[in-house]
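Chains S and R, in that order, give the protein sequences. Residue numbers in the first sequence follow my numbering, run continuously in steps of one, and reach 345 at the last position. Residue numbers in the second sequence follow my numbering, run continuously in steps of one, and reach 673 at the last position.
Keep in mind the hints are simulated off the structure, nothing from the lab. Treat the hints with care, since some could be wrong.
[Stated by the list, open to error] With the C-beta cut set under 10 Å, the calculated list includes, among others, these residues of chain S facing chain R:
hint, residue
1, F19
2, L78
3, Q158
4, C164
5, N174
6, M184
7, G202
8, M203
9, M205
10, E208
11, P332
[As the list claims (entries may be wrong)] If you anchor each label on the Cβ, the simulated ranges turn out as follows:
hint, chain 1, residue 1, chain 2, residue 2, range
12, S, Y276, R, N647, 31 to 39 Å
13, R, R547, S, L340, 45 to 53 Å
14, S, Y276, R, P536, 29 to 37 Å
15, R, R378, S, D221, 26 to 34 Å
16, S, R277, R, P643, 22 to 30 Å
17, R, S659, S, K189, 52 to 60 Å
[Unchecked claim] Listed next, the stretches of chain R that the computed footprint assigns to chain S, with coverage defined by at least 3 CB atoms under 8 Å from CB atoms of chain S:
hint, stretch
18, 350-362
19, 392-402
20, 491-505
21, 565-572
All C-beta atoms in this analysis are idealised placements derived from N, C-alpha and C, irrespective of residue type, glycine included.
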Amino acid sequence: MTKQKERNKEKMEVDRESFRDQVSRLKLKDETLIGLYRTMATVRHFELMADKLYAAGKVHGTMHLSAGQEAVAAGISLAVRQDDYFINHHRGHGHFIAKGADINLMMAEFIGRDTGYNHGRGGSMHIADFQSHNLGANGIVGGGIPQAVGVGLALQMQKRDEICICVFGDGAANEGVFHEAMNMAALWKLPILYVCENNKYGMSMDVERATSKLPIAQRGDAYGIPWACVDGNDVVEVYEAMKTAAEHVRSGKGPYFVETITYRYFGHSKSDRNLYRSREEIEDWKQNRDPIMRFTKHLLQSEILDEAQAQEIDNQAEQVIVKAVEFAEASPEPDLSTVLEYVYA
Amino acid sequence: MPEISYLEAIRQALWQEMKRDERVFLLGEDIGRYGGAFGLTHGMLDEFGPERVRETPISEATIVATAIGASLLGMRPVAEIMFMDFVFLALDQIVNQAAKMHFMFGGRTNVPIVIRMPGGSGAGAASQHSQSLESILMHFPGLKVINPSTPYDAKGLMLSAIRDPNPVCFVEHKILYKTKGEVPEGDYTIPIGVAEIKRPGRDITVVANNIMVMKTLAVAENLAKDGIEVEVIDPRTLLPLDTETIINSVRRTGRLLVVHEACRTGGWAGEVIASVVGSPAFDYIDTPVRRLGGKDIPIPYNRGLEKIAIPQSSEIEQEIRDMVEGRI
């Protein structure tokens, strides 16, 4: 563990490393970087559109938006394989998109249409696509953390080389199952990459008021799980941490725990009036630490993209979302006569 | 046909299914060398090894969650909750997760798991190791709840439970573990959701589960000597409940008594009675329908107190006589 901490420290020191040097050390090609940018832009547009659709009265129920957290989703997806298994949390749109979900089907599920991933039965909080190894989001905070143990166990028993990525928030880390699961995952050396997406608030509860010792990831020490805590708004840093973690996990050495420090721009859900944080704090994250803005700046300075190209990609991402809304809105509602379906397999 | 115990019948089902299907594995606390708290998995570690007889830390929620996660990747786990009372620790995973996944994910996946849990009083285990909680589990669509009373039913229903594509709570009764009965050595299944008339009779329908089936059958033998013919129905599965068999029986007998060990208030008898009186069988009922449940108290430790906390044979007999002889 000490080694890990030293590495983190070294990492801080080499933070002055230029973006160019960093991406060349990580062998990230320009097109890959552009792909990261496109993924983040797509997530951002999805979330902005979700907010608009809600305001227009087109969303039944609530939603949990991940705008501001795009770098975590994009960084993970680049560091793991397409066939790896994914367990998501309630603020999960970004992770689904980064994993390559069909955005039309996501949007249709989001507004409760029959063509949605889950025939309108799940909505925003329960999007799942088992064919693409996307095991679903969870409406119960921490609910997926122990299920990852089972996925990891099955992968181990079936002698497969996929891994399970399980993402949860800072709030979920204080659920009892977090501790049960960490213990069992480490005990059985299961192939699980646990990612705590610390966006500073569990609903309204500041992580510093909810958690006795930070960073959350240091709890890995208690279970003999290697860990890292990284800037979740730096997509390349997220990628690097996840790559190291995923390699460790895939090599059969057991679980790895990465915490990403990030921030959500929208409230916890739609009923949130942001009474627990200041406008200044939100603006500070938006103006100075936005993951997309920071990454765009690097791409422009390194001449990987020029402004027109960046704008073009952003426009394309927006169009994907606009088309998804068209698809979803043109889709039928579930037939009411099917209300009793899907209770039993 | 060989005679084996209820406990051996369940072990035989697990054993044979693990031989037949390599996706099946067991997980739970102390199920290895110790053989489980009641010795049900005795010998299975040596036969199948620690991978498939997987001992876990004392983490009930994660035991069930592990079963769920593994089932999503095609495994067929059978998880053990050592005492049914501990199921509360795992209820989020059973109710909010396992029971709902097929539905809320629009049929895109299913959760073929079995959760074994011994319940019931009579062992002097006091309030936190003696409950009959099957009524609670009936309340959750997506779950199946099985509650066998005989070794024959236990084996056949366990094989069905493991092969079922849905999450199944398999509720055993610790006092039944030693009861013996004829059980075929080979493979057979009993359909989930089908009640059985354990004894036909024309005068009254008594619906009972687990040990109350045994008690009621003994009472029925006694009453037959006095010319009272009791029809005894064992639902065997509580969810989905085979109301049709019960309704048809009441149409013949005109009387209904439900007997269970679970606390009377909120017990499954209420569900059975509501299903019957709300059906066309109502026209055939000529005596008020009745239920006998456990007293509305936690199970006490003291032997005498524990005994009278649940319906006694004498009470069942009196209730039936009163109903048939027109005193109620």
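Here is how each hint holds up against the structure:
| no. | hint | result |
| --- | --- | --- |
| 1 | F19 | violated, 39 Å |
| 2 | L78 | violated, 24 Å |
| 3 | Q158 | holds, 7 Å |
| 4 | C164 | holds, 8 Å |
| 5 | N174 | violated, 15 Å |
| 6 | M184 | holds, 6 Å |
| 7 | G202 | violated, 17 Å |
| 8 | M203 | violated, 18 Å |
| 9 | M205 | violated, 20 Å |
| 10 | E208 | violated, 27 Å |
| 11 | P332 | violated, 14 Å |
| 12 | Y276(S) to N647(R): 31 to 39 Å | violated, 52 Å |
| 13 | R547(R) to L340(S): 45 to 53 Å | violated, 36 Å |
| 14 | Y276(S) to P536(R): 29 to 37 Å | violated, 54 Å |
| 15 | R378(R) to D221(S): 26 to 34 Å | holds, 31 Å |
| 16 | R277(S) to P643(R): 22 to 30 Å | violated, 46 Å |
| 17 | S659(R) to K189(S): 52 to 60 Å | holds, 57 Å |
| 18 | 350-362 | violated (count 0) |
| 19 | 392-402 | holds (count 4) |
| 20 | 491-505 | violated (count 0) |
| 21 | 565-572 | violated (count 0) |
The structure is inconsistent with the numbered hints 1, 2, 5, 7, 8, 9, 10, 11, 12, 13, 14, 16, 18, 20 and 21, although it conforms to all the rest.
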